[in-house]
Amino acid sequence: MNSSTSPFGKPLARVDGPLKVTGQAHYAGEFHVPGLLYGSVVNSSIARGRIVSIDASAAEAVPGVVLVLTHQNRPPIASYDEPYEDDDAADGSPFRPLFNDRILYSGQPIALVVAENLELARHAGSLVRVEYAAEPHHTDLLSELETMHKAPAELPSPRGDVDGVLRGAMLRLDLEYSTPVEHHNPMEPHASTVHYLPDGKLEIYDKTQGVQNCMRYLEGVFGMEGQIRILSPFVGGAFGSGLRPQYQLPLAVMAALKLKRSVRVTLKRQQMFTFGYRPRTVQRIAIGAAPNGQLEAISHQAIGQTSRFEDFTEHEVEWSGMLYECPNVKLDYQLVALDVYTPLDMRAPGATIGVYALECAMDELAYAAAIDPVALRMRNFTAHNGNEDKPYSSKELRQCYEQGAERFGWSRRSMEPRSMRDGHQLIGWGMATGVWEAMQMPASAKACLEPDGRLVVSSATSDIGTGTYTVMTQIAADTMGLPMEQVEFRLGDSNLSQAPLEGGSFTVSSVGSAVQQACQALQQKILDAAQQSPVSPFTGVTLDGVVFDGGRMQLKDRPDTAVELTQIVAVSGVLEVEVKAEPGKQRENYASATHSAVFVEVRVDESLGTVKVSRVVSAVAAGRVVNPKTAANQIMGGVVWGVGQALQEETQIDHTLGRYMNHNLSEYHIPVNADIGEIDVIFVEEKDEIVNALGSKGVGEIGIVGVAAAVANAIYHATGKRIRDLPITLDKLL
Amino acid sequence: MNPFSYARPAAVDEAIGLFRPDSRYIAGGTNLLDLMKENVTRPTQLIDITRLPLHDIEETADGGLRIGALVSNADLAWNPLVEARYPLLSQAILAGASPQLRNMATTGGNLLQRTRCYYFYDSTTPCNKREPGSGCSARDGLNRIHAILGHSDSCIAVHPSDMCVALAALEAQVIVQGTGGERRIAFADFHRLPGDAPERDNTLADGELITAIELPAQGFASNSAYLKVRDRASYAFALVSVAAALELDGDRIVSARLALGGVAHKPWRKPEAETVLVGKVANEAAFDEAASLLLAGASGFEHNAFKIDLARRSIARALGEAAKGASR
Numbered sequence: 001m002n003s004s005t006s007p008f009g010k011p012l013a014r015v016d017g018p019l020k021v022t023g024q025a026h027y028a029g030e031f032h033v034p035g036l037l038y039g040s041v042v043n044s045s046i047a048r049g050r051i052v053s054i055d056a057s058a059a060e061a062v063p064g065v066v067l068v069l070t071h072q073n074r075p076p077i078a079s080y081d082e083p084y085e086d087d088d089a090a091d092g093s094p095f096r097p098l099f100n101d102r103i104l105y106s107g108q109p110i111a112l113v114v115a116e117n118l119e120l121a122r123h124a125g126s127l128v129r130v131e132y133a134a135e136p137h138h139t140d141l142l143s144e145l146e147t148m149h150k151a152p153a154e155l156p157s158p159r160g161d162v163d164g165v166l167r168g169a170m171l172r173l174d175l176e177y178s179t180p181v182e183h184h185n186p187m188e189p190h191a192s193t194v195h196y197l198p199d200g201k202l203e204i205y206d207k208t209q210g211v212q213n214c215m216r217y218l219e220g221v222f223g224m225e226g227q228i229r230i231l232s233p234f235v236g237g238a239f240g241s242g243l244r245p246q247y248q249l250p251l252a253v254m255a256a257l258k259l260k261r262s263v264r265v266t267l268k269r270q271q272m273f274t275f276g277y278r279p280r281t282v283q284r285i286a287i288g289a290a291p292n293g294q295l296e297a298i299s300h301q302a303i304g305q306t307s308r309f310e311d312f313t314e315h316e317v318e319w320s321g322m323l324y325e326c327p328n329v330k331l332d333y334q335l336v337a338l339d340v341y342t343p344l345d346m347r348a349p350g351a352t353i354g355v356y357a358l359e360c361a362m363d364e365l366a367y368a369a370a371i372d373p374v375a376l377r378m379r380n381f382t383a384h385n386g387n388e389d390k391p392y393s394s395k396e397l398r399q400c401y402e403q404g405a406e407r408f409g410w411s412r413r414s415m416e417p418r419s420m421r422d423g424h425q426l427i428g429w430g431m432a433t434g435v436w437e438a439m440q441m442p443a444s445a446k447a448c449l450e451p452d453g454r455l456v457v458s459s460a461t462s463d464i465g466t467g468t469y470t471v472m473t474q475i476a477a478d479t480m481g482l483p484m485e486q487v488e489f490r491l492g493d494s495n496l497s498q499a500p501l502e503g504g505s506f507t508v509s510s511v512g513s514a515v516q517q518a519c520q521a522l523q524q525k526i527l528d529a530a531q532q533s534p535v536s537p538f539t540g541v542t543l544d545g546v547v548f549d550g551g552r553m554q555l556k557d558r559p560d561t562a563v564e565l566t567q568i569v570a571v572s573g574v575l576e577v578e579v580k581a582e583p584g585k586q587r588e589n590y591a592s593a594t595h596s597a598v599f600v601e602v603r604v605d606e607s608l609g610t611v612k613v614s615r616v617v618s619a620v621a622a623g624r625v626v627n628p629k630t631a632a633n634q635i636m637g638g639v640v641w642g643v644g645q646a647l648q649e650e651t652q653i654d655h656t657l658g659r660y661m662n663h664n665l666s667e668y669h670i671p672v673n674a675d676i677g678e679i680d681v682i683f684v685e686e687k688d689e690i691v692n693a694l695g696s697k698g699v700g701e702i703g704i705v706g707v708a709a710a711v712a713n714a715i716y717h718a719t720g721k722r723i724r725d726l727p728i729t730l731d732k733l734l
Numbered sequence: 001m002n003p004f005s006y007a008r009p010a011a012v013d014e015a016i017g018l019f020r021p022d023s024r025y026i027a028g029g030t031n032l033l034d035l036m037k038e039n040v041t042r043p044t045q046l047i048d049i050t051r052l053p054l055h056d057i058e059e060t061a062d063g064g065l066r067i068g069a070l071v072s073n074a075d076l077a078w079n080p081l082v083e084a085r086y087p088l089l090s091q092a093i094l095a096g097a098s099p100q101l102r103n104m105a106t107t108g109g110n111l112l113q114r115t116r117c118y119y120f121y122d123s124t125t126p127c128n129k130r131e132p133g134s135g136c137s138a139r140d141g142l143n144r145i146h147a148i149l150g151h152s153d154s155c156i157a158v159h160p161s162d163m164c165v166a167l168a169a170l171e172a173q174v175i176v177q178g179t180g181g182e183r184r185i186a187f188a189d190f191h192r193l194p195g196d197a198p199e200r201d202n203t204l205a206d207g208e209l210i211t212a213i214e215l216p217a218q219g220f221a222s223n224s225a226y227l228k229v230r231d232r233a234s235y236a237f238a239l240v241s242v243a244a245a246l247e248l249d250g251d252r253i254v255s256a257r258l259a260l261g262g263v264a265h266k267p268w269r270k271p272e273a274e275t276v277l278v279g280k281v282a283n284e285a286a287f288d289e290a291a292s293l294l295l296a297g298a299s300g301f302e303h304n305a306f307k308i309d310l311a312r313r314s315i316a317r318a319l320g321e322a323a324k325g326a327s328r
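First to last, the sequence lines map onto chains W and U. Numbering follows full-length UniProt numbering, in which position 599 of the first sequence is assigned residue number 599; successive positions increment by one, without gaps. Numbering follows full-length UniProt numbering, in which position 113 of the second sequence is assigned residue number 113; successive positions increment by one, without gaps.
For the record, the hints were derived by calculation from the structure and aren't laboratory data. Any given hint might turn out to be false.
Claimed, not checked - Below, computed lysine-lysine pairings styled on DSS-like, alpha-carbon distance capped at 27 Å:
1. W:K721 x W:K612
2. W:K10 x W:K20
3. W:K20 x W:K268
4. U:K37 x W:K612
5. U:K324 x W:K268
6. W:K258 x W:K268
To be verified - Some chain U residues flagged as far from chain W (calculated, every beta-carbon gap over 12 Å):
7. P3
8. A11
9. F19
10. D34
11. E59
12. G63
13. E83
14. Y118
15. Q177
16. E182
17. G195
18. L204
19. D206
20. E289
To be verified - Pulled from the structure, derived: some chain W residues nowhere near chain U, Cβ distances all over 10 Å:
21. E119
22. E219
23. D731
Yeah, the Cβ is synthetic: ideal placement off N, Cα and C, and Gly gets one too.
Sequences are here, hints too, so could you generate the full structure?
Below, the structure written as structure tokens:
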């Protein structure tokens, strides 16, 4: 951090903002290439069985239709599992699109109609006649609970004697919570534009959170190593839906290879409900505590749905063993295989569900012990991660409670439910803790000093709307002492330096560290280049002895001895360096996590059951924040989603048909502006020299975690009703 | 969406003359295009009526209003005469859809909205309304948003409009024109219950075109309220909605109108639920009595039985607000 002009930590507007608001930012389904054909996917209407026959004659007869692709005429694809196992694959045998006649779930893609325009393709798709041999299916988690099997997850070993302590506990709670299926539904639907190049190679614009993940997937599935480039400069939201290659990508490639032409496939909104989703779960939590609320034992079991071909797991129960001080902990995670598609990581996967249950249970404990919910959490605070038996590298959670409570006015709360009202409205205040892991993955970045003195830094990461372009530019500008305008960050191209999937809140930590280290390595190169001249004033000076500021390199102790970077690069030619950043060794002895305290006010109409979340304060401890503006956006979006999770979101499945029925944005409810009141975001100061050199933990997930619990707890405070089944729709409150 | 031809006539007679059994009139298209994209409706000809001279709101000789069928929902809701004389109608319109949709959607089109039943829109599932004789998936399926009144063995769908609930309460007239000339339909007779022909939402004959809506002079401007209860604060269809209108002499009720939305295949009224209020003091006891009569015979399914209780509470709330003059 070189000077007061450093952009690090400043609430800067997005560097890609002007492109987005002027329509110049192009998304995967918007790139035009000459001779482009359009594909429309036909999906299965049954949940299980096989295809007896597909009659495509009427579709093929439509003028302008060039191909109806099915499992019977597709180009060769890999048959064994390995090529399909992408970076975010679950355990098992990944789904293979158009592989054979088996129907594994309702909505499975079974044909692709390719035509001269999209409307023709869609119309022809409606003319494809499919005869099925249906088999009995099961899609209801609750009715299939007895078939559950242990999830292939590496859970922490049990500690202490949970059963014994629970039996003797002065306070004992046994609670069950359930959460529904939710779909990601980013505004931009999944799309792939496959440009078939003259040499048979493919250049593909794809909506993805991992360009290199998609490249390797296609290389393996189609045996096309070195012949595929994936580009994804802009992504209109993803929330985890782009972590795995989705079926429109291989389908578009199949058609392009078969026709030797460029093809685009864009999914319809209804088709956004035909792949991964947040799984439905049932959770059982038992808590034993002393009369003063001190935790003595926690048992947390989660049962989630998965497909019959993959065992999807996420971190659902671990939080109960790491957030609070508790000597006796037992965690269990079970799966029920159903005739559905495999779930998929979705905004704070696992924590959104598991912390919801834990934090509702903590509220119930607060009432059982007659202790203020914040005081209860303070009493059970720990700076030690019990699962890993390691100290946290930092955990300013108590500051989150204090600053959040202060901002919210929590001290004016009366403990008694139904104690505040305004006319027809019952007012309730609730709170919850949020937690998410602060991970770091290996990542590489390239830094290049151009002849005009501009710095170009690049890595094959994504910007899914989170602000990656902006914060990476800030980190690079800060490290090199350059103004923002002199720095360009490139991403979303599989040819760039290796980057992990854009997810898990680890992009700043992973790619940001690589960017910082690449810039530092570039500084060494610049110094080396400057020292090539025998009369250089920098002769014999090491990197410690120079400062980069304002496009110049200067001696630390004689700032007037300086050289413009443009002068150096004019002599040396372009200077370029690529660096791979690994998580630091110092992390091994510590656990790292982000934390939050969420405070919520609800207004519940006493006779109609409608709920309005009128106020939210979210106080977050996430290390140093690179850009408080984009970070606050992230938290705010997470809060809104948490409100939706609490009150509205649910993909409803008709178990007789085995099919999702509210598969559109009219009937699949997410909050609209009118649902959202004030949202106040606080970033608590948190110094962390362990997590990475930036001291930044990432904020993509933490905003949503705990929100649903805080809303549910506030509803209890307002109404005296504990609704343990999300979403809390008005009928549950009548 | 199947291929179709397109015509844009300039006169009502011309439009009606162009109509074939597989034609559809299109104005705002806010519902029809969705239905076409989902292959629920497959017209081979679209007759674009937006150039017809049906865009005006005029006062009628008897002190009412005549609203052209092509007046947008937004223009109707914000029309000063409507706001002043029929605030119930303004409120109902503004409770529906979104500003963008209300800018596109028309008065006539609003009457012809089709149900939002999930099964109706998913052409892979049985649905008697979409495909007569194929069965009703909702009866034993997902039916949280479905009917509690007037449903039949073949269909339990509800009409989705808010505007129509207010028009029913206000006893509007629907003016339609066909090859045989013009006729007037009382609003109560315009939409129909599903019976054994749920594919028919209303009593329009093939090719008949709605040209206007007429409102009588009595607009209950002092004491009316539209209450919409739904799963989110905006852009959601009603679980239950109530149009309540009272004519008061002091705190005594002189006349009353009461219509429910979100509960049946058409806006739901019962004369006895209104006459029972006449002469009574506007209070909870009277409102409960009216609610009981309006909800007589209501029956729910697996997921929507709550609507009966919700409707009862909503009626009391809406009548209470109307009595207070909340819309003023």
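**Item:** Outside-interface status for G195 (chain U) - nearest CB in chain W farther than 12 Å
**Value:** With a cut-off of 12 Å, G195 (chain U) remains clear of chain W, as the shortest Cβ separation is near 25 Å.
**Message:** Minimum C-beta separation from D731 (chain W) to chain U exceeding 10 Å: can you confirm that?
**Reply:** 4 Å, violated
**Request:** With a cut-off of 27 Å on the C-alpha distance, tell me whether K10 (chain W) and K20 (chain W) pass.
**Result:** Between K10 (chain W) and K20 (chain W) the Cα gap is close to 21 Å, so the pair holds against 27 Å.
**Item:** Distal placement of D34 (chain U) relative to chain W, Cβ over 12 Å
**Value:** 9 Å, violated
**Asked** Any Cβ of chain W at or closer than 12 Å to E289 (chain U), or is the non-interface label fine?
**Response** The claim stands: E289 (chain U) keeps its Cβ more than 12 Å from every Cβ of chain W (closest is about 17 Å).
**Message:** Does E59 (chain U) clear chain W by more than 12 Å, comparing its Cβ with all Cβ atoms of that chain?
**Reply:** 34 Å, holds
**Message:** A cut-off of 12 Å on Cβ-Cβ distance, and P3 (chain U) was said to be off the interface with chain W. Does that hold?
**Reply:** At about 6 Å from chain W, P3 (chain U) fails to clear the 12 Å cut-off, so the statement is violated.
**Prompt:** Straight-line Cα separation of K20 (chain W) and K268 (chain W) no greater than 27 Å?
**Reply:** 22 Å, holds
**Prompt:** Minimum Cβ separation between E182 (chain U) and chain W greater than 12 Å?
**Reply:** 35 Å, holds
**Request:** Sort out whether K268 (chain W) lies within 27 Å of K258 (chain W), counting only the CA atoms.
**Result:** 23 Å, holds
**Verdict on G63 (chain U) as a residue remote from chain W, using beta-carbon distances over 12 Å** = Since the minimum Cβ distance to chain W is about 36 Å, G63 (chain U) lies beyond 12 Å and the statement holds.
**Item:** Whether Y118 (chain U) stays farther than 12 Å from all C-beta atoms of chain W, as the label says
**Value:** Label violated. Min Cβ-Cβ 4 Å, cutoff 12 Å.
Hint violations for this structure: numbers 4, 5, 7, 10, 14, 21 and 23, all remaining hints satisfied.
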